[in-house]
Amino acid sequence: MLNRHHRPTTLIAITLLLTTLAAGSTSCGGDDGDQTLTVYSGRSEKLVGPIFAEFEAVTGVTLDVRYGSSNDLALAISTEGEKTPADVFLSRSPGPAGYLDDLAMLAPIDTKTLDRVAPTDRSPDGTWVGFAGRARVLVYNIDEVAEVDLPGSVFDLTGPNYQNLVAVPGSNSSFQDWFTVFRLRNGDDVATRWLDDMVANGARFYPKNRAIIEAVGRNEIRFGLVNHYYNHQEVAANGDAQRSANHAFSQGDDGGLMIIATAAILDQSDEKELANRLLTHLLSDSQQRYLTDTVYEYPLAIGVDAAETLPPAPADTVGAMQIADVAAEFTRTIEIIEASGILDQ
Amino acid sequence: MNEEVARHRAGVGRPPRSLVSANLLIAVLFAIPGGYVVWRAATTGGGQFATIASRPTLEPLWRTIQLGLLVSTAAAFIGTGLAWLTTRTDLPLRRFWRIAVPLPLVYPSFVGASALQSGLTPGGIVHDLASVTGISMDLRLHGLFGAWLVLTLFTYPYVYLPVAARLSTLPTSLEENARLLGDSPVQVFRRIVLPQARTAIAAGSLLVFLYTVSDFGAVHLMRFETLTQTIFRTRLFDQDRSFTLALVLLVLALVVVAAERTIARRGTRTQVVGDRPALLVPLRRWSAPSLAICTLVVGLALFSPAASLADWGTSGWTRQLRGGASLRLGADDVLGPMWNTVWISVVAAILAIAAVLPVAYLLTRHRTRVGGVINAVVVAGFAIPGLVVALSLIFWTLHASPFEFLIGTLPVLVFAYVVHFGAQAVRTAQVAVSTVPRRMEDAARLLGAGRIRRLRTVELPLMAPSLAAGGGLVMLSTMKELPATLLVSPIGFRTLAVEIWNTYEAAYLPEMALLALVLVAISALMTWMLIVRRVNYLA
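Those protein sequence lines, which keep their order, are chains A and B. Per our numbering, the first sequence starts with residue 13, numbered consecutively. Per our numbering, the second sequence starts with residue 1200, numbered consecutively.
Hints are computed from structural coordinates only; laboratory data are not their basis. A hint or two may mislead.
Unchecked claim - Covered stretches of chain A, as calculated for chain B (at least 3 residues, CB under 8 Å): (1) 51-62; (2) 66-79; (3) 93-100; (4) 105-111; (5) 148-158; (6) 310-320.
As the list claims (entries may be wrong) - Okay, the calculated bits of chain B under chain A, using three or more residues with CB under 8 Å as the criterion: (7) 1523-1534; (8) 1593-1605.
Note that this is a predicted model, so its numbers are computed, not measured. Yeah, the Cβ is synthetic: ideal placement off N, Cα and C, and Gly gets one too.
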């Protein structure tokens, strides 16, 4: 009877043994002599990887980069708390950095680094700094629409000239970012009426920016509200065969908005100086040129011009707007979008 | 002694202390994610009950239950039907179907759903091919219908695999007798096959339900607001609400797990195994309709997303040929991640089986109250979204255990997989244990075989098909796991799912599509080598 049920304990022992072995085999990395910086990056490796590689090549510092969605990485950092290995956090938009700032987990960035960008592109208390921008624009089919006929304002799109012609990515997070700011600027009534009018005017729903670019390119639909860089990617990929182009609304129009990607330094980091060097590198002329020339984002460093092919940069950035209760505002945005019926168009 | 043997035979004997302690240890480890959710929900600023009782909670909760029931019912029908067709009939091309039918499980939710969706809408390859042949499809997949269709197509393998494993070990004598006595194949199916497979069907449907309620990718794309969708939406800026809803999800899972256990306990307690190849029912005039059904299901669930992926992939090649941007995908981006995917999913599957076998022994051979609790803890872990599992492990490793040094190492990642997906192997492990007749074990012991030898020579061969089916589920789930892999893997450790996500994030569509096809191909190969051949062990 005694030896009948040995198996469970044996299995546990084997499991523990394997686990220990695995631990031994993975913990032998990491040379003591090298300087290492850990980065949690909410921007994709395909975009920022070359910037990191350049930093490693120039400084000899090793960068350990964990890629993920900005929100998840911010959650991971707050869960790790003071034991987080992260020195630097890159985020798609100011929200996740602001969340860590509210938890007092971010360190002030060197003034010299902060001063590389305009005051609207960094946090008021200097805990995060913008390093690249994505603009909300109107994409259009170049065979069907003459440049002179392009609208100056997003409010024009509810008129008869645009009936059944505009694609709206209602469930897309960048669209929702934009709509939140649009709503806060103009008030709920105006924003809700604009969206209802869009629906009444036959605006069509597409789930993704890229799907809109493709649809506009093959003239399935004539216009679309999108982030600017998708069209540049498609043009780079397809050349003249891509029959779409970006149009920026008039300066100051509520249709335009710059959503900025941000960089921050964790307060518990032992390598703050090195972390500041990485941020300075991100905002250096050469890396800002790479960001705009190769991956078509707007550079934010003062004195670096956007690539000529990009439409004029919108004057407003999400960073400049202080939102008191982000969760409540986004919930409200989603309620209005869903109530409008745009998602069923 | 005689009395003890009798009680032991009846399965009511008190479990040995070593088995109970092993089970308690396992339960404690599996309770980490759930415990974290409970703790976070309990320590919010208050107002949890107001949150739970509010419309913004109850509406998604109702939608979640609706979707879960609809998807698991449909998956139960499809999975059971296909399992019977591929294991018990003379369906043509059986070997092919056995490999192809479980594969839709391997599409990461966001990839599969978006490939299926864009394939079926205008401009998509399936839609366009169909309109060439004169079929006009205008399916705009969204809402409850879209979420139901997509999730059913990608989750029926949870039913198919355990049921196929069960059917392939079913004794043929009962069926033969029924046939000899004049029952039609349909009657045989209803009267003999279905009762024997009932527990496997219930177990698979449970997994489908738990998967459905914790899925984010598909419901997000279909814009169907379930609890998990709300949990994700509020995860950063309204964490009190997010964790309170996660607790609601956990309670829902526990209720469903308890309900399924009640069904399972009422089911046949003595499962029997056949000792020779299963009887194949001749389909005759039903052959063509059966083939059509298999083709429709596998076509929609496996090949139409694959067609979209192939379409996107080739657009990358033709772009390159036209002088546009070349494919940004090197051998290094594929081979390393591929190898990592293969070995870590196999390791996770083996460890998951090892972890749930003691649970299966306790549940199958002994009737104890603690068994029900342990079962609930282990199985409900599957309903906790992967992101929460990852966060709970980060918290536990760093702040509540002596294992801080393990953070960012592979053991934590494997542990996350085992805790998250171990539930998928529990029921099949129970089936495995119950297929070992007590008398065989007793005979072997009387002949002087030691515990290890009995395990190796008597029990494992008998249990292999069911264990392989459960392990296969864990393996396929691990291969596509994303949130935990991104957050707790060692920095720089890449799986195919991670690479797919990387290219998806950068909107590198052709590259993403090619990587996804590699993932499907690899999992097809592994399914064949590790599962199909095992499941057919006796067939």
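Worksheet item: Counting residues of the segment 51-62 of chain A whose CB is closer than 8 Å to a CB in chain B, do you get three or more?
Response: With 4 residues close enough to chain B, the hint holds.
Worksheet item: Counting residues of the segment 66-79 of chain A whose CB is closer than 8 Å to a CB in chain B, do you get three or more?
Response: holds (count 4)
Discussion item. For the segment 93-100 of chain A, count the residues whose Cβ lies under 8 Å from any Cβ of chain B; is that count three or more?
Written reply: holds (count 3)
Item to complete: Given that the segment 1593-1605 of chain B was listed as covered by chain A, double-check it with a C-beta distance under 8 Å for 3 or more residues.
Response: The restraint on the segment 1593-1605 of chain B holds, since 7 of its residues have a Cβ under 8 Å from chain A and three suffice.
Practice prompt. State whether the coverage of the segment 310-320 of chain A by chain B holds or is violated, taking the criterion as 3 or more residues with Cβ-Cβ distances under 8 Å.
Written response: violated (count 0)
Practice prompt. Closer than 8 Å, Cβ to Cβ, for at least three residues: run that test on the segment 1523-1534 of chain B against chain A and report holds or violated.
Written response: Result for this restraint: holds, n = 3.
Discussion item. Under 8 Å between beta-carbons, do enough residues of the segment 148-158 of chain A, three at least, approach chain B for the coverage claim to hold?
Written reply: violated (count 0)
Practice prompt. Count residues of the segment 105-111 of chain A with a Cβ under 8 Å from any Cβ of chain B, then say if the count reaches three.
Written response: holds (count 3)
The structure is inconsistent with the numbered hints 5, 6, although it conforms to all the rest.
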